[in-house]
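Take these sequences, add in the hints, and give me the full structure.
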Amino acid sequence: MSTLTIHCRFFARYAELLGCERVDVPVPNGATVADLVARVRASVPSGDRLPVHLMAAVNRTHVPSGHSLTDGDEVAFLPPLAGG
Amino acid sequence: MVHVTHDPIEPGQLLAAVASSDRGGTALFLGTVRRGLDDGPVAWIEYEAYAEMLEEEFSRILAEARGRAPSTAVAGVHRVGTVPVGEASMGVAVAAPHRAEAFALCQWVVEEAKRRLPVWKREILDDGAASWREE
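The listed protein sequences correspond, in order, to chains A and E. With the working numbering as the guide, the letters of the first sequence map in order to residues 1 to 84. With the working numbering as the guide, the letters of the second sequence map in order to residues 1 to 135.
The calculated label-pair distances, taken between Cβ atoms and stated as ranges, are:
#1 E/21 x A/70: 44 to 54 angstroms
#2 A/38 x E/84: 37 to 47 angstroms
#3 A/70 x E/22: 43 to 53 angstroms
#4 E/98 x A/71: 47 to 57 angstroms
#5 E/133 x A/19: 15 to 25 angstroms
#6 A/64 x E/17: 29 to 39 angstroms
#7 E/13 x A/19: 33 to 43 angstroms
#8 A/42 x E/67: 37 to 47 angstroms
#9 E/98 x A/19: 46 to 56 angstroms
Each computed DMTMM-like pair below joins lysine to aspartate or glutamate, with the alpha-carbon atoms no more than 25 angstroms apart:
#10 E/114 x A/74
#11 E/114 x E/64
#12 E/114 x A/16
#13 E/114 x A/21
#14 E/114 x E/7
#15 E/114 x E/46
#16 E/114 x E/52
#17 E/114 x E/101
Honestly, the hints are just simulated from the structure, not real lab data. Even glycine gets a Cβ: it sits at the ideal position worked out from N, Cα and C.
This is the structure:
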């Protein structure tokens, strides 16, 4: 099974919880955003401090958790939005 | 028009961006940092953004707004970085042939912006306490 490399970005409170803003995470081919979140929670230091269900954007577009990932995607983990 | 700025928002620039002799009603919304008192007096708010997506998402929202009412003109900008109490963090202007359409579309853009723009705010109180505000 081939592996995808996903460029993860963390913002605001999530960046503080993890102590980093970017990390590359390998996931299996066919993985979804939900799979990536689970992988980050399990493998990135302090990743388990992130919620199980969170808002995400892939390549700067909001997506549902079932969105399938492609090698090289940039996935942003978005805390509850508070603009305006 | 650029939709992200570190500088104070200039309402005149927003109004100029939507001005037209064919549009008789113009609505301007400014979201302004409040002094607030829930947890103590607010000194300022630091707005953090996923800047690349903020620019693109604001463009998408404004394009959708134009699609809903092609006879209108819309413009919007969000400020990032430190915004003092009393200064605007977001501005939206909509011009339409008539006022009802301008009011309605301006509200639609503001609600979509609040729901979709990747922006977070960290509130700094007078006593120095800081916390992320999620609302």
